[in-house]
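Novice: The primary structure of each chain is shown beneath.
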Amino acid sequence: MDPRSWSARARDQTTSLRTVSTTAPAGDAIATLAARSLTKRFGARTALSEVSFELKASQVVGIIGPNGAGKTTLLSILAGVLQPTEGDVVTASDRPIGWVPQQAALYSKLSAAENLRLFARLEKLPDPDAAVERMLAQTGLEDRADDEVSRLSAGNRQRVNIAIGLLCRPSVLLLDEPSASLDPRQRERLWQFIGGLVEGGTVVVFSTHDVGEAERYAGSVLVLVDGELLFSGTPAELTRAVGGDPRDLEAAFVRFLHARGH
Amino acid sequence: MRWLFVKDLQILRRSPLLVGLLIVYPVVIALMIGFALSSPPGKPKVAFFSEVAPGKGKIQLGSQQINVSSYASELFKSIQPIRVHSRGEAIAKVKSGQAQAALIVPGDIVSQIQNLVTTGVGSPTVELILNSKDPLERQFADQAIQSRLNLVQQAVSRQVLKIAISDLQQVLNGGTINFAGQNFHLLGLRNSRAIVQGAAAAVPRNSPLRPALQQVVAFANLAIEGLGLSGPVLGSIGNPLTVEQTQLAGRTTPTDSYAVAIAVVLSAMLLTLLLASGLLAIERTEHAYSRLVRGLLTPGQLLTEKVGLSAMCAGIVSLLMAAFVSIFVHLDWSRFELWVVALAFAGVAFGTLGVTIGGVAREVSAASLMALLVSLPVAFVALVPGTAVSGAVKTLLDVVAFVFPFKAALQAVSNAFSGTPPGMAGPLLHLAVLAAVYFVLARVAVRRFA
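Going down the list, the sequences are from chains A and B. For the first sequence, this note's numbering puts the final residue at 262, and the numbers step up evenly by one. For the second sequence, this note's numbering puts the final residue at 1450, and the numbers step up evenly by one.
Please keep in mind that the hints were generated in silico from the structure rather than gathered at the bench. Check before you lean on any hint, since a few could be wrong.
[To be verified] Here chain A is said to cover these stretches of chain B; the calculated rule only asks that three of the stretch's residues, wherever they fall, bring their Cβ under 8 Å from a Cβ of chain A: (1) 1007-1014; (2) 1278-1288; (3) 1292-1300.
Cβ atoms here follow ideal geometry from the backbone N, Cα and C, with glycine treated the same way.
Required output: the full structure, derived from the provided sequences and hints.
Specialist: Below you can see the structure in the form of structure tokens.
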């Protein structure tokens, strides 16, 4: 499948991302995931400040922002790895949230299949072996199933990493800079794979430094700067907001930051 | 938690070199220390040169002789003598390292001792040359020779006193002495007094000889009384102090089984600390910790699994080690279940310390280094005898030994091996408390993992 075909459809879903306030009602549509006034402090430093938004099914959301903006902190809170200092995360689905950390969280001495089987068992899935087979097939790693992870390429490691995040058939998949260590060919295969998930109704939220990547694959973007959510909307809305060329999100993003003193 | 346990075993199975090192290194270190503690040091090599001519090593004491040369054999009990033929050769042996010291007996040593014995003046001296390169070897050789010389001195003193007391008894009671190959009869003071008393009684009461003879009798009485006491008094000087040992605690731990306990506990500590700290640090190094504690396991379960696995591995290795060593050293196999209990408590306490280290270090190589840096001083601190250091240092060492599990584990295992006081309850309780404290510390430390 051409990743651009699903990303184009994702861009059309311009109404499903909306920011919410802690006091306002969530709205008439049912949100798959809602962040309500999330604040995270590490000592005196505020990593996130009053961040609120809602996500709905089959949506692809890119979180963009400079280094230290709070992207990983936000994803970690949504994933339940970190507890917010204030605010909360609300999920409407019974299905869990899948989380794929930035660095592959895999045991390098175990094979791809063994890693998947371990987490399938820890997830207490009813049939771990079937889940492993399903994920190997979905990620196209059947022929590398018995290879130690340390011998896999970065792209294949990332596929196993994502497969573990998908074991529990999540309604929302959180990806922290999923393509950071991949070459262009691996990146394209990754997005092809993610596209298949979106087609199946999964909400995908990813963080990235690559604004072009967000422009290509995200239907909506969240702009985080210094822990504050400065913008949420479609890439086209972001470019329109700064009066720039709607075909160049990166330039619009930089102008957006300049306009707000960053 | 079971699957995490299996996963860790799989990882260990796929790291045979690491596992081999983890087992062999602590066992070798522990056995070396155990055997070093249980084996007495060997005799130092000492170049020995005596300038005393053959057959000239005798001291004449009144009617008797002492052969000083015969006491050299006493000295050789604590050294390994290398007999040389000159002072220069003795020094060369020390310089070349073939001998740790040289002992040179001067040719006039016999006359020096003779002079001291007969006149009470002088200080007979032998020459001791020590290798100054190695301070430990120097101290070892010096102590071995000095302690044996003291014994020789005491033996010579006792022999001199014995002869002196024998001669005094003959002066007192009379007898036969051999001098220059001929026997002579000594009258003795008591016999002399009897003769003088008889003579005094025989002379007329108004004879001018009578007061003079009575004065001689009075002197004889005084001399007999004084000399009668001299034997016990001089004998007591020959043996000035007798030490009678009393064991207050009844049975004591046999040195050999205590050394085995040290080896086993040291091995268990090294293995458990390295495993527990390393296995926990791996979770962070592999970035898996956050994924695991995100609803799959609690941090407490994760720590429990690491503690359990490392304690189990260390327990098995320690028991095998004890079983092997028991071929050579007597251990009480009827108390096997107590071995298991002691090693289980020790393993859990070491395991919790290990995960604390792993939690603080957060990285495998740093965790391993920290485990080694912590464990060896902890063991040595616990093994320093309290009498070897001053009061303040002893207090400090006691505190350090108290807050780490090694000493309590050693007491528990030593007791389990031999059944000697102070019993296992106290050390086991101590280990349980330390395990609880370290578990809490580890739980705090892994908060930084996320």
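Novice: Hint by hint, note whether the structure agrees.
Specialist: Evaluation of the provided hints:
1. 1007-1014: Per the Cβ count (4), the hint holds.
2. 1278-1288: Coverage by chain A holds for the segment 1278-1288 of chain B (4 residues, Cβ < 8 Å).
3. 1292-1300: holds (count 6)
Going down the numbered hints, you'll see the structure goes against none, and every one checks out.
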